[in-house]
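> Just so you know, the protein sequences line up as chains A and B, in that order. All letters in the first sequence, in the order written, are residues 1 to 125 by our numbering. All letters in the second sequence, in the order written, are residues 126 to 471 by our numbering.
Hints are computed from structural coordinates only; laboratory data are not their basis. For each residue, glycine too, the CB sits at the ideal point set by N, CA and C. Treat the hints loosely; a few may be bogus.
As the list claims (entries may be wrong) - Under the rule of at most 30 Å between Cα atoms (straight-line distance), these lysine-lysine pairs were calculated in the DSSO-like manner:
| no. | chain 1 | residue 1 | chain 2 | residue 2 |
| --- | --- | --- | --- | --- |
| 1 | B | K319 | A | K42 |
| 2 | B | K204 | A | K37 |
| 3 | A | K37 | B | K171 |
| 4 | B | K171 | B | K214 |
To be verified - Covered stretches of chain A, as calculated for chain B (at least 3 residues, CB under 8 Å):
| no. | segment |
| --- | --- |
| 5 | 7-17 |
| 6 | 90-104 |
Said to hold, decoys possible - Quick list of the computed label-pair ranges, beta carbon to beta carbon:
| no. | chain 1 | residue 1 | chain 2 | residue 2 | range |
| --- | --- | --- | --- | --- | --- |
| 7 | A | L21 | B | P469 | 49 to 59 Å |
| 8 | B | P469 | A | G106 | 14 to 24 Å |
| 9 | B | L145 | A | T58 | 42 to 52 Å |
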Amino acid sequence: MVAPGLAEIFYYLGFIVVATLVPIIALFLIVTPRDAKPSPMKLETYEAGQMPSGRGRTRFIIQYYPYLLIFVIYDVVAMFLFAWALTLRTLQPPGSGTWPILIFMGVLLVPLAYSIHLASQRDLW
Amino acid sequence: MADPISDPIGFSLEIMTSPLFFKVAVFPGLTSIGIIIALFIWLDRKITARVQLRVGPLYASPLGGVLQSFADLIKFAFKELFIPRNADKFFFVAAPVLALIGGAGLVGLIPFTPEWQISNLELGLPAFLAFVTLSPMLILLAGWSANSKYPFIGGLRSLFQQTAYEIPLWLSAIGVVMMAGTMNLIGIVQAQSKPWVIFLGLSIPGWYIIPQALGALLFFITATAEMERIPFDLPEAEPEIIMGWQAEYPGFLFMSAAGASFVRLYAFSALFSVLYLGGWMGPAPVPALLWTAIKIIIVSSLIILLRATFPRVRIDQLLRAGWTYLLGLAFLNIVITYLLVVGPRI
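With the rest of the complex left out, here is chain A (with noise of 0.2 Å):
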């Protein structure tokens, strides 16, 4: 017998199991009773009616930079304030969390700042 929350995650992955199966096999029956007729015109890439022109994959100026660093580190921080805010209730005395927190928060809004000021700067990138 297992633990009433393991089976509920066991349930869980047996419905992603079967939601994997279904797709998968509907996609088998579409692709087999086909007759596939390619051609080089159908299988180039669409560009707006011309001719497609060098690399699909080409470069691309990652204007947003800043944002995506501070993603990263807010990403974390949005887990330590669940941790806070699960257990805002049930802190003894009320409250005692919060000083911690407001200085985590602190420190952390400082390089927001800045990234947001370097990422409102357009000639940078």
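Chain A is already provided as a structure; the job is to place chain B on it using the hints.
Showing chain B alone in chain A's frame:
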């Protein structure tokens, strides 16, 4: 329980008739997801048409074209599946199918009522939000594997857009966790069962839409951005980059790619009604499941109305608004919730 080796037929019959199998296969599982998605596509087209003084789907059934999506499904299924010449074939096929599976995985966590839920995870809310995080990756994968310019631009846009909405989405959901003290979705609904205000014998339901009004608004906006629907449909903007990451997809794969966003519309409407609208709770004569359905239809109709009425935002506007206004308001919502829960003391 029959032995699976000595009595395989009896074992499979027991599996087939078990309530869990019904949940996985019929409701709230796969069959119902398929049918509801088809109905959502019809609702989307019909509402948009009414707002724009058109008629929308009309002929496919006596009831205003309800069966149009099913007819489209059959048509898509018989289209030829061809893959662009230079594409990475495996990932090109896998990405939209995985997006569809990811959407179904979201629905598996939603409690429609305490009985009608596939998996009651203790960390249901973070699991939902973590599962959501996968979809921009899949869109980038689809855009990269197609080896074509427009899909690639769409994939990159999806990645940037994720950085804009993801943090406000999580932070607005934190308000609910602070109020409820649990991340279990059933627990969150049960925490809303106590009436909020009793005044001269009148009681307002204790749904979190009232104390969490700002959080609910932020969640609504960021969830719309997550679903990549207008006004935030940058990765597939038709007039700019020609359906973006979906541009190269034929037939069934296009149906999976487009259907995945509707599965997420369904799942997010359900999550919104669970977090903020009290889930299955409501006055007694209407059954609980019907209350959930009514709330889901109201929320999803609102999201569809946005599509019919708003223009598309620009990506730099979205990023800047996401990192300044939305993030700032999300922090403000946390402060307000803190004052509500703990009071003005540190």
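> Evaluate each hint against the coordinates.
These are the hints, each one checked on the structure:
1. Note on K319 (chain B) and K42 (chain A): the hinted pairing is violated, with a Cα-Cα distance of about 61 Å set against a maximum of 30 Å.
2. A C-alpha spacing of about 12 Å is found between K204 (chain B) and K37 (chain A), which places the hinted pair at or below 30 Å, so the restraint holds.
3. Annotation: proposed proximity of K37 (chain A) to K171 (chain B) is violated, straight-line Cα distance about 36 Å (limit 30 Å).
4. For the proposed pair K171 (chain B) and K214 (chain B), the alpha carbon gap of about 36 Å is over 30 Å, so the pair is violated.
5. For the segment 7-17 of chain A, the assignment as covered by chain B holds, since 7 residues bring a beta-carbon within under 8 Å of that chain's beta-carbons and 3 suffice.
6. Coverage of the segment 90-104 of chain A by chain B holds [criterion: at least 3 residues with CB-CB distance below 8 Å; count 6].
7. Checked against the hint of 49 to 59 Å, the pair L21 (chain A) and P469 (chain B) passes, with Cβ atoms roughly 54 Å apart.
8. In this structure the hint that P469 (chain B) and G106 (chain A) lie 14 to 24 Å apart at CB holds, the actual value being about 19 Å.
9. Between L145 (chain B) and T58 (chain A) the C-beta distance comes to about 49 Å, which sits within the given range of 42 to 52 Å.
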